[in-house]
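S.K.: This is what each chain is made of:
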Amino acid sequence: MLTADLVRPRLRLRGSELSIDMLDEHNAAWLQTAKDLIALLQKYTGQPLATWDRGLESYVGERIDYVVVRGLAKVLTDAATFTPLETPLPPVQLRERLFAYGPVFATPQLFQPRARYEVMQNAAGELGISSQDVEAALFADRAATFVLKDVGPEWTPEELIARYNLELARGVLYWASHITIEVASNYKDLWKYIKFFKLMFWAEPGRGGGYRIDLDGPISPFVSSTLRYGRQMAAFLPALLLCEQWRMVAAVHPPQGGRAANYRLDYTSSLRSHFKQSGPFDSRLEADFASEFEQKMGNKRGHWRLARESEVLLLGDTVMIPDFMLTDDRDETRKIMIELVGFWHPQYLRRKVEKVRAANCASLLLLVYKGLNVTEEAFQEAASEVLFFQNKPVLKEVMETVEKMAERLYGPRRKRARTGTKRGTSKRPRGSLINTSPTKD
Amino acid sequence: MCMGKSVYYQGGTLVLREVDAQERPPAPFKLIRERWRCEGYHYGSIQPYLEEQDVRDAVPRWQPLNLPIQEVREAHDYQVAALAAWDMAGQRGSIVLPTGAGKTFVAIQAIHRVNRSTIVVAPTIDLLHQWYARLVNAFASEVGVYYGGEKKILPLTVTTYHSAGDLIAEHGNAFKLIIFDEVHHLPAPSWGEAALMAPAPLRLGLTATYPEEHEQTNGRWRVDDLIGPIVYTKRIEDLIGQQLAHYRTQRLRVDLTTEERARYEADYATYTSFVRLRQLQRSHGPGWLMELMRLSAIDQQARRALLARQRLLQLLGSCEGKFSALDALLREYVTERVLIFTEHNAVVYDIASRHLVPPITHETGAAERKHILDGFQAGHYRVIVTSRVLNEGVDVPEAKVAVVLGGTSGAREYIQRLGRVLRKVENRQAVLFEVVARRTIEENKSQRRHTRQEGD
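Taken in order, these protein sequences are the chains called G and C. Okay, so the first sequence: first residue is 0 according to numbering that gives the first Met the number 0, each after it adds one. Okay, so the second sequence: first residue is 0 according to numbering that gives the first Met the number 0, each after it adds one.
I should point out that these hints are in silico values taken from the structure, not numbers from a laboratory. Using N, Cα and C, we set each Cβ at its ideal position, and we do this for glycine too. Among the hints, a few may not be true.
[As the list claims (entries may be wrong)] Heads up, incomplete: computed chain C residues facing chain G, CB under 10 Å, no partners named:
id	residue
1	Gly10
2	Asp223
3	Ala324
4	Val356
5	Gly374
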């Protein structure tokens with residue numbers, strides 16, 4: 000993460016709008032600098048951090064763009080690994096042993112008959128190592144002596160510049176008190192990371208589909224401009240970049256900046272995420288269910304279409320994203336959601352049950368593993384259907400229940416829709432919602 | 000799975016579970032995003048509501064300490080009175096004592112009385128280390144420390160104002176008593192948040208200078224609200240005269256080598272000619288250095304001047320003459336405890352390695368730091384070299400000789416504080432050597448300071 004001194008000089012304030020002077024990824028001079036730095040760090044493999052710092056400073060020399068050069072270098076070293084030397088005994092203990100003789104001098108003294116080199120040699124002898132090794136071990140627990148072991152990813156100059164730009168944006172969010180985002184896709188990763196970085200959120204359906212999400216922390220409503228959560232917001236930013244269509248505005252308070260400013264970003268930005276999109280399935284159980292469905296019900300064999308985690312149930316300050324959504328091909332309004340409750344930790348299960356109750360959602364079908372210590376009563380207050388299974392869900396049973404639920408919720412199915420959309424090619428409108436009452440009475 | 004009403008702790012707030020929006024819990028609670036929520040510090044005041052409404056209290060995670068006090072110091076009358084007043088006030092509020100009147104001792108007694116997990120919040124890392132050492136000694140027990148460098152949480156933990164927010168947000172409900180050293184810092188916006196978030200019902204503020212009414216509030220909170228009122232005050236007049244330092248200052252001037260002189264003059268010329276040329280000091284007053292830094296990212300000459308200044312300060316910090324002078328002093332005061340101070344971290348480690356004496360810097364962990372200071376006190380270590388301003392409370396009264404290498408701002412601060420460290424023992428006077436390079440900016444600065452002191 001870039002330190003404030005590397006971020007602040009790159010900020011531009013116009014009125015209350017804050018922008019960042021980012022680097023052009025195609026600028027030949029910056030590309031050359033990036034290339035130099037990548038090569039330079041490589042050259043210092045096996046050398047202590049302090050030596051690299053000196054090498055970098057001499058590379059920077061009298062350049063007036065030193066803030067950028069140091070910033071690029073910081074991105075490089077943050078991704079690199081510096082490790083302490085291995086020492087025959089912990090440096091703290093070695094120091095205790097040697098400092099017992101101090102102060103020593105280059106030559107013997109009346110009160111200190113042992114000169115420094117003698118003390119070092121004795122210690123080396125006792126430890127069975129050379130006195131150079133004793134010298135090196137003395138402060139081997141200081142970060143400055145840590146050795147560059149691994150330079151990290153193989154950066155291209157373009158990648159380094161892109162990452163530097165991302166880190167600048169994160170650096171600004173470090174001073175954010177509040178973020179509002181509007182987003183219309185890839186909810187699963189978004190919510191996963193919001194929770195991961197322990198942010199509080201409040202989501203509402205957006206006007207043009209999708210969601211409007213406010214991000215802050217528990218104490219924010221009481222201390223309006225707290226910067227307590229800036230670090231988490233900065234860490235979260237790459238998750239937002241995983242989305243396709245999004246907009247963000249952050250209320251930021253840069254140090255010595257006086258009033259609050261707005262920092263805006265949206266999907267047209269050239270920033271790229273280094274987070275990975277999560278895989279389609281969380282578990283074997285889900286993957287098997289999907290593939291069995293595809294095999295037996297897919298193609299022309301049924302009128303239900305299966306989609307992965309495409310719906311969000313807003314439950315106050317949390318959300319639930321059911322594993323699957325079944326949509327009737329002949330009538331897009333007929334939808335059943337499926338949640339697989341597999342082999343889970345009891346704690347997780349308890350929260351799951353709470354959520355299902357809060358969702359109070361009649362179109363939700365829960366497939367619950369029988370081995371779990373959970374009974375039907377646990378779900379009694381919930382409006383959802385529950386189906387228990389032994390080893391894996393029996394597809395036939397599942398589909399029978401789905402048909403029954405659909406009939407109960409939506410009435411009997413129409414025979415054959417002539418005006419219906421073409422099978423398999425239609426796409427649900429993105430970001431459509433299912434509104435549920437957030438809590439039961 | 001009926002759960003009923005309960006209150007739990009979340010990130011510095013108290014949240015009601017299973018309490019509807021239509022219900023009306025008492026004032027501190029606000030309906031925020033469909034949940035009733037209030038700041039942690041209201042925990043004590045909402046107790047009657049919790050009892051009345053049968054709300055299950057899932058907040059406390061604190062535990063008994065059961066640590067007998069090992070310290071044999073006797074309490075002064077005013078310390079006994081202060082603690083009694085704090086007890087009377089329901090173990091909430093601030094005790095105002097002059098510097099050096101034993102605030103830490105009072106805190107240790109308070110922790111012992113409460114006998115539940117306690118967090119101590121100190122303004123600086125140096126003071127954190129000092130608290131750590133005192134608490135370890137007082138209770139002969141492991142003590143947690145939580146700050147940038149080390150994070151270990153135990154039932155008795157010391158942190159800094161800077162790190163307290165994170166600690167409280169995550170583990171605030173693990174502590175029943177929270178103690179704020181130098182409590183007058185609380186009105187600072189980010190520093191007060193920890194006090195706002197902590198649910199600890201028992202609170203103790205310590206300071207020599209309690210904020211005036213108009214300094215109490217920052218628009219958001221008042222110190223009195225967060226900690227409770229002042230419960231006891233002892234005035235400085237009642238204690239003065241006991242802790243005066245007796246020491247003399249002696250300046251040693253050393254010469255730069257020919258090679259160092261050449262480098263110095265070249266850099267000095269580059270640096271001062273630019274500053275003069277642009278009249279930075281006249282146009283920007285005390286902010287001229289900031290302006291030079293700003294210019295250095297735009298203007299090639301400014302960049303050169305700034306680099307020259309950095310090289311120059313580095314040269315002054317590590318010129319050969321100073322090392323020789325130090326060498327000579329260490330030989331001369333061969334039976335005394337000596338404290339060496341330099342602002343430059345790298346130089347600290349140079350000296351530590353050269354003479355095999357223990358260094359204390361911001362990199363030194365709490366346990367090793369305590370070990371070094373204890374060893375110094377016991378005479379196991381005769382010399383300490385440090386880049387830290389060891390505050391007045393740091394117990395190094397054994398030091399009879401202090402050597403300050405350099406005459407820049409940090410050193411100045413150090414000298415001011417050292418006076419309180421060097422105490423008159425057995426009628427022998429302590430000496431403070433200030434080693435400066437002759438005919439450099441250091442000498443000028445040092446002279447200026449001396450003139451001012453004489454004028455006082």
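S.K.: If a hint holds in the structure, say so; if it does not, say that too.
M.R.: Here is how each hint holds up against the structure:
no., hint, verdict
1, Gly10, "4 Å, holds"
2, Asp223, "18 Å, violated"
3, Ala324, "14 Å, violated"
4, Val356, "4 Å, holds"
5, Gly374, "8 Å, holds"
Violated hints for the displayed structure, listed by number in ascending order: 2, 3.
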